[in-house]
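> The chain contents come next:
Protein chains: 2
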Amino acid sequence: MSPSRFLPVPAWARHYDRSTLGADLLAAVIVTIMLIPQSLAYALLAGLPPEAGLYASIVPIILYALFGTSNALAVGPVAVVSLMTAAAVGNVAASGTMGYATAALTLAALSGAMLLALGLLRMGFVANFLSHPVIAGFITASGLLIAASQLGHLIGVPVSGHTLPEMLASLWNGLPETNLPTLLLGAGATAFLFWVRGGLAKILQKAGLSQKAATIIARAGPVLAVAVTTALVAGLDLEAQGVAVVGEVPQALPPFTLPDVSPSVLAQLALPALLISIIGFVESVSVAQTLAARRRERIDPNRELIGLGAANMGAAFSGGFPVTGGFARSVVNFDAGARTPAAGAFTAGGIAIAALALTPLIHDLPKATLAATIIVAVLSLVDFSILRRAWRYDHADFYTVAATIALTLLFGVEVGVSAGVLLSVGLHLWRNSRPHVAEVGLVPGTQHFRNLNRHDVALHDKVVTYRIDEALWFANARFLEDLVLGRLARSPEVTDIVLMCSAVNAIDLSALESLEAIDKRLSDQGVRLHLSEVKGPVMDRLKGTHFLEHLSGRVFLSQFDAWCALCGSAKRAEPAAE
Amino acid sequence: MSPSRFLPVPAWARHYDRSTLGADLLAAVIVTIMLIPQSLAYALLAGLPPEAGLYASIVPIILYALFGTSNALAVGPVAVVSLMTAAAVGNVAASGTMGYATAALTLAALSGAMLLALGLLRMGFVANFLSHPVIAGFITASGLLIAASQLGHLIGVPVSGHTLPEMLASLWNGLPETNLPTLLLGAGATAFLFWVRGGLAKILQKAGLSQKAATIIARAGPVLAVAVTTALVAGLDLEAQGVAVVGEVPQALPPFTLPDVSPSVLAQLALPALLISIIGFVESVSVAQTLAARRRERIDPNRELIGLGAANMGAAFSGGFPVTGGFARSVVNFDAGARTPAAGAFTAGGIAIAALALTPLIHDLPKATLAATIIVAVLSLVDFSILRRAWRYDHADFYTVAATIALTLLFGVEVGVSAGVLLSVGLHLWRNSRPHVAEVGLVPGTQHFRNLNRHDVALHDKVVTYRIDEALWFANARFLEDLVLGRLARSPEVTDIVLMCSAVNAIDLSALESLEAIDKRLSDQGVRLHLSEVKGPVMDRLKGTHFLEHLSGRVFLSQFDAWCALCGSAKRAEPAAE
Numbered sequence: 001m002s003p004s005r006f007l008p009v010p011a012w013a014r015h016y017d018r019s020t021l022g023a024d025l026l027a028a029v030i031v032t033i034m035l036i037p038q039s040l041a042y043a044l045l046a047g048l049p050p051e052a053g054l055y056a057s058i059v060p061i062i063l064y065a066l067f068g069t070s071n072a073l074a075v076g077p078v079a080v081v082s083l084m085t086a087a088a089v090g091n092v093a094a095s096g097t098m099g100y101a102t103a104a105l106t107l108a109a110l111s112g113a114m115l116l117a118l119g120l121l122r123m124g125f126v127a128n129f130l131s132h133p134v135i136a137g138f139i140t141a142s143g144l145l146i147a148a149s150q151l152g153h154l155i156g157v158p159v160s161g162h163t164l165p166e167m168l169a170s171l172w173n174g175l176p177e178t179n180l181p182t183l184l185l186g187a188g189a190t191a192f193l194f195w196v197r198g199g200l201a202k203i204l205q206k207a208g209l210s211q212k213a214a215t216i217i218a219r220a221g222p223v224l225a226v227a228v229t230t231a232l233v234a235g236l237d238l239e240a241q242g243v244a245v246v247g248e249v250p251q252a253l254p255p256f257t258l259p260d261v262s263p264s265v266l267a268q269l270a271l272p273a274l275l276i277s278i279i280g281f282v283e284s285v286s287v288a289q290t291l292a293a294r295r296r297e298r299i300d301p302n303r304e305l306i307g308l309g310a311a312n313m314g315a316a317f318s319g320g321f322p323v324t325g326g327f328a329r330s331v332v333n334f335d336a337g338a339r340t341p342a343a344g345a346f347t348a349g350g351i352a353i354a355a356l357a358l359t360p361l362i363h364d365l366p367k368a369t370l371a372a373t374i375i376v377a378v379l380s381l382v383d384f385s386i387l388r389r390a391w392r393y394d395h396a397d398f399y400t401v402a403a404t405i406a407l408t409l410l411f412g413v414e415v416g417v418s419a420g421v422l423l424s425v426g427l428h429l430w431r432n433s434r435p436h437v438a439e440v441g442l443v444p445g446t447q448h449f450r451n452l453n454r455h456d457v458a459l460h461d462k463v464v465t466y467r468i469d470e471a472l473w474f475a476n477a478r479f480l481e482d483l484v485l486g487r488l489a490r491s492p493e494v495t496d497i498v499l500m501c502s503a504v505n506a507i508d509l510s511a512l513e514s515l516e517a518i519d520k521r522l523s524d525q526g527v528r529l530h531l532s533e534v535k536g537p538v539m540d541r542l543k544g545t546h547f548l549e550h551l552s553g554r555v556f557l558s559q560f561d562a563w564c565a566l567c568g569s570a571k572r573a574e575p576a577a578e
Numbered sequence: 001m002s003p004s005r006f007l008p009v010p011a012w013a014r015h016y017d018r019s020t021l022g023a024d025l026l027a028a029v030i031v032t033i034m035l036i037p038q039s040l041a042y043a044l045l046a047g048l049p050p051e052a053g054l055y056a057s058i059v060p061i062i063l064y065a066l067f068g069t070s071n072a073l074a075v076g077p078v079a080v081v082s083l084m085t086a087a088a089v090g091n092v093a094a095s096g097t098m099g100y101a102t103a104a105l106t107l108a109a110l111s112g113a114m115l116l117a118l119g120l121l122r123m124g125f126v127a128n129f130l131s132h133p134v135i136a137g138f139i140t141a142s143g144l145l146i147a148a149s150q151l152g153h154l155i156g157v158p159v160s161g162h163t164l165p166e167m168l169a170s171l172w173n174g175l176p177e178t179n180l181p182t183l184l185l186g187a188g189a190t191a192f193l194f195w196v197r198g199g200l201a202k203i204l205q206k207a208g209l210s211q212k213a214a215t216i217i218a219r220a221g222p223v224l225a226v227a228v229t230t231a232l233v234a235g236l237d238l239e240a241q242g243v244a245v246v247g248e249v250p251q252a253l254p255p256f257t258l259p260d261v262s263p264s265v266l267a268q269l270a271l272p273a274l275l276i277s278i279i280g281f282v283e284s285v286s287v288a289q290t291l292a293a294r295r296r297e298r299i300d301p302n303r304e305l306i307g308l309g310a311a312n313m314g315a316a317f318s319g320g321f322p323v324t325g326g327f328a329r330s331v332v333n334f335d336a337g338a339r340t341p342a343a344g345a346f347t348a349g350g351i352a353i354a355a356l357a358l359t360p361l362i363h364d365l366p367k368a369t370l371a372a373t374i375i376v377a378v379l380s381l382v383d384f385s386i387l388r389r390a391w392r393y394d395h396a397d398f399y400t401v402a403a404t405i406a407l408t409l410l411f412g413v414e415v416g417v418s419a420g421v422l423l424s425v426g427l428h429l430w431r432n433s434r435p436h437v438a439e440v441g442l443v444p445g446t447q448h449f450r451n452l453n454r455h456d457v458a459l460h461d462k463v464v465t466y467r468i469d470e471a472l473w474f475a476n477a478r479f480l481e482d483l484v485l486g487r488l489a490r491s492p493e494v495t496d497i498v499l500m501c502s503a504v505n506a507i508d509l510s511a512l513e514s515l516e517a518i519d520k521r522l523s524d525q526g527v528r529l530h531l532s533e534v535k536g537p538v539m540d541r542l543k544g545t546h547f548l549e550h551l552s553g554r555v556f557l558s559q560f561d562a563w564c565a566l567c568g569s570a571k572r573a574e575p576a577a578e
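Protein chains in written order, with full-length UniProt numbering: chain A, 1 to 578; chain B, 1 to 578.
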């Protein structure tokens, strides 16, 4: 195992030249400008002081650049993970206390450790158990929760709670205390940002800019909103009129911090950390894959786990909170021409400079502006079309999505995503436990066997053939037993039962024991059990057991062989059946 | 829905005649004789007073006879469920206290309610998720735990704990206080019962009895052991020498009792009750099915749930504890000729007479004798051959069984069976998430396509065909994406990828979205995606979506069609490839 397995830097560093450096530097400047207001805003969303957002965008980015495999992924605080952080940490400590910030560090450390463990054990596949509909439902519901949580900042009243009813109730109660200057600033910023997102890019394109350039400039809209509203607050002294501002932010590089590793805190944060890890990983890896595929590159999901794990560990020890790869900023990074992970490292440098030099400038930045950037960003996550798609494709999927959305809104992010995973896995298991089985007959004039309910096929009154369209395993073993024995109880004249196994991809030990039990019970009743078209790998396993020796009937290579051997008189019987 | 759906009595009652009555009565007498010592012993195992065992064999049996569907199943206290009761109730109250007996009633009520709910919702399928290897491992480990727990009674010292290390440690500490008369009685009874089980039946057969009669008489061995050791204790006044006896047992019919429904107790007992319900149901239904099949009868698993639920509810309100269908006694009932559930009702009558009239006779019955009957009965449950079978068939199954046995012994029944279920379901999901996929080529001179690693097949350098041997669902959707995109990254010359779907039994919404993503990414790279041999039900679903419109390639009816259309030049190219 080469050292580059865990430290992929050399792979790209060897070919690093001046032109790559130029491309990476340009992308880093653009992403830095975009990331500053985002970092502050997501720290606010997580219930943390603004500098935590900047710190979470320095060390983690560098560590991801060292260990990750995506050339374009931009790591840092993101909306959904920040919301999940607020929900998890809020159960351990009150916002604004030292315990709260420390719990956020612990959450990042736990999540980092879990991601590293999954990566080192090459267990990236666990993320596969988050189905697309569950993710889509969860992200949509989270977007709504995030928007609701930020509405308070827009009108200058505090919003508490981690579920939609709680948030709306506290918003409603706070409505009479609305602060007018805050509302004006907030509404203005929101309207401006919506316009930037929708109209500005088009105007810029008409003015002759390329689509890419126009989109990138439009992404910098939040910076303009920040600058203008900050200037307004400073110029009109709106802070005195009750407009909440970011305030004093230390002018410093990230501090060295230690997470709280007391067992009670770890126990309380373990499940949220797992959910954050999985959600963050899935989000990140799908962005990274999308961008890699555009350049015919590949990413390695298990190394991505290590990269994200290292990034979160870094966040835990440098005053941050859980981070992951962000969609919007990675796309900007990619479009701006980032070619290697070094672009990320340069971005970290840019943010570090901001943390050292620019923090006095944001003293008067109104929180309403940050809330506006969050609201505009997350509303693009809200997409109910998954409900329509799921309903059309499969009602069961629809119920899973609907339950995920409803539970997330009503009971919070942890309950929502857990329930979604359990529901979708349970649904899959339930379906697997009720395999599709067709009683088949011979299509006259051919060697094909088809479902007797769908086709006009020849049958034999003493020979019953079932085609099983599913692997046989413990949860459906009894189903087959019930089916065969039930059929026999109804048709005592049957002498032979054939199981056509062309679609049986596996038979586990429980299913084998069921087959033995079925065979035993059938022999007790003088009925023989046969198999046909058993797949190679399945046959290999069966040959290692005594099942084939004891089998009352035979194993036929093809179903047609079985028909010929067992229904020799069938062709003569056929006219009578017509 | 006819009333007979839940109350099946009329079905057999209509045809009830004198000869059936005679057969049922004879079976009832035999089962009653066998059930009396068993009931007392399993009450002891559950940590309850002996009369609880008798009470658990009266009302529950009558209720099962009314609602169950098996003609032979004998319901009452059984070893594994009694052990699980002791483990669960021991966490709520100390043995011998009123709270302990009440908690046992609560456990029976909870279990009854769960079984009834599962039956009414027709959710008997949940029991299918207990795989054969997990059950086999769990029963074997439980047998060892039960034997260990009874060894103390055999030497006259108390054994505490619910795990093997705890029990062995307390046994070791108690060893110096061994009571010699108890040890002699216990060892004698154990040796006698082993001999009865092994040798007596053969001797009786040699003496001219039929095998059935010999086996039934041998089953009455415990009654003889009870009679002789009781007489010894009474005659030699061994109680004064420290031999623990059953003591005062009230001479009464079952009392009316009420379970404790305080939320804290219900919460503590909910998981154990669920496990007891599932284990009890699985045990019971497999016995019932085996016996029904011998007479070409059928049982209805969902009505069995209702029958067992009613029985446990009955136990809760009549001084009992959780019950289920016992294997040994049901076989005796069947062999003795029981024809209808009325045999069960008559057995209940027999036990009721015993509870009213015979309890003074068992005052001097030594607990060591009861422990001996339990040890001899449960050691037949211990069967490590499942380990060898599982190892041979599939190492993964072996690890599941081994973990179930080890965890049950080391951490008790609840941890053991829960871990077994989670492991086996997890293993299934893991396998399902890594489908078998083969790259296939044309077998020359045929229309068949086979795995290129196993067969000498014709290939085309620009067309890659994968045969997928698994339903596509969310957990393996990403696997397919990785596979296809990885292949393409390695072979940039490829222009067409065909997915051969002959063994794809289903495609869920996540997998559909993955297919769309794969198609999109392939088109971005100028590669077309095709499908072949899509099954009817899957095709029906796909037709309801936009996938087929947007698909860059085509859907071919057969893989050979795809080959002909895409590899038209293949036959010319072939010689060059050789």
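Source of the hints: derived by calculation from the structure; they are not laboratory data. Please note: incorrect hints may appear among the correct ones.
[Said to hold, decoys possible] Straight-line C-alpha distance at most 27 Å; calculated DSS-like pairs for lysine-lysine: (1) A:Lys202 / B:Lys535; (2) B:Lys543 / B:Lys520; (3) B:Lys535 / B:Lys520; (4) A:Lys520 / A:Lys543; (5) A:Lys535 / B:Lys535; (6) A:Lys520 / B:Lys212; (7) B:Lys520 / A:Lys212; (8) A:Lys520 / A:Lys462; (9) A:Lys520 / B:Lys535.
> If a hint holds in the structure, say so; if it does not, say that too.
Hint check results:
A hinted pair counts as satisfied when its Cα atoms are at most 27 Å apart, and Lys202 of chain A with Lys535 of chain B does not qualify at roughly 46 Å. Using a Cα cut-off of 27 Å, the hinted pair Lys543 of chain B and Lys520 of chain B holds, with the two alpha carbons roughly 18 Å apart. Distance hint between Lys535 of chain B and Lys520 of chain B is fulfilled; the C-alpha atoms sit about 23 Å from each other, no more than 27 Å. In summary, the hint linking Lys520 of chain A to Lys543 of chain A is supported, as the alpha carbons are separated by about 18 Å, within the 27 Å threshold.
Distance hint between Lys535 of chain A and Lys535 of chain B is fulfilled; the C-alpha atoms sit about 18 Å from each other, no more than 27 Å. A C-alpha spacing of about 20 Å is found between Lys520 of chain A and Lys212 of chain B, which places the hinted pair at or below 27 Å, so the restraint holds. The hinted pair formed by Lys520 of chain B and Lys212 of chain A meets the criterion: a straight-line CA distance of about 20 Å does not exceed 27 Å. At most 27 Å may separate the alpha-carbon atoms for a hinted pair to count; Lys520 of chain A and Lys462 of chain A meet this at roughly 19 Å.
With a CA separation close to 33 Å, the supplied pair Lys520 of chain A and Lys535 of chain B exceeds the 27 Å bound.
Hints 1, 9, counting from the list given before, are not met by this structure.
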